[in-house]
Amino acid sequence: DVKVTQSSRYLVKRTGEKVFLECVQDMDHENMFWYRQDPGLGLRLIYFSYDVKMKEKGDIPEGYSVSREKKERFSLILESASTNQTSMYLCASSPESAGAHEQYFGPGTRLTVT
Amino acid sequence: DAKTTQPPSMDCAEGRAANLPCNHSTISGNEYVYWYRQIHSQGPQYIIHGLKNNETNEMASLIITEDRKSSTLILPHATLRDTAVYYCIVRSPYGGATNKLIFGTGTLLAVQP
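Chain order of the listed sequences is R and Y.
The first sequence begins at 519 in my numbering and counts up by one.
The second sequence begins at 72 in my numbering and counts up by one.
None of these hints come from the bench; they were simulated from the model.
Watch out, some of these pointers could steer you wrong.
Unchecked claim - As a list, the in silico DSS-like pairs of lysine-lysine whose alpha-carbon atoms are at most 27 Å apart:
hint, chain 1, residue 1, chain 2, residue 2
1, Y, 74, R, 588
2, R, 573, Y, 74
3, R, 575, Y, 74
Start from the sequences and build out the full structure, keeping to the hints where you can.
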């Protein structure tokens, strides 16, 4: 089974802190994604990566950066956390093969910024 | 990507079939219909996808109308564990990661005992 793991299920940070959210997948997938999920807004794509050291902005990249130094690991960084970044963060991965249909999601990290 | 319209919520009795509708009137020829679900406090889970033919797997059936402007996800014997938000998404699978999934707000299916 494909497994996508995220470093924490729950995280509480203070305003202004630098926050790292880690995601690891074990299926050698080329593509990895970071979403945030807020009530009434569905899932929104923050950043994605289609290869090591490659990244693309999603729909809401402001206030975030990402790092992909190894194929299996994709990190989301909040340089200076703010209260409006309190949210559920979801990581996903998918293969790059033509016509790949499925994204595999991790369990999510619920981040609270106080 | 085409947009989808789903009812915000539905109820279903345990053991009965759950039929979840989705409208996607602007779907284009190379776009597939995908269904995911999200159980409370978990990440979304892929269920099924189809292009124009009806599809069935161990989880569900997908019925797509002939004009492809709408579809229905069928859970044949709903259980309490099927209580979740169900997302209908249309997307071309080609173009790699740049062809992203766009999740709307989905349908909250509540299976009642």
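Legend entry - Straight-line alpha-carbon gap residue 575/R to residue 74/Y, limit 27 Å: Since the Cα atoms of residue 575/R and residue 74/Y sit roughly 21 Å apart, the hinted pair holds (cutoff 27 Å).
Legend entry - Pair hint outcome, residue 573/R versus residue 74/Y [Cα-Cα no greater than 27 Å]: holds, 26 Å
Inset, instruction - For the pair supplied as a hint, residue 74/Y and residue 588/R, confirm whether the alpha-carbon distance does not exceed 27 Å. - result: At roughly 34 Å apart (the allowed maximum being 27 Å), residue 588/R and residue 74/Y break the hint.
Violated hints amount to a single one, hint 1; each of the other numbered hints is respected by the structure.
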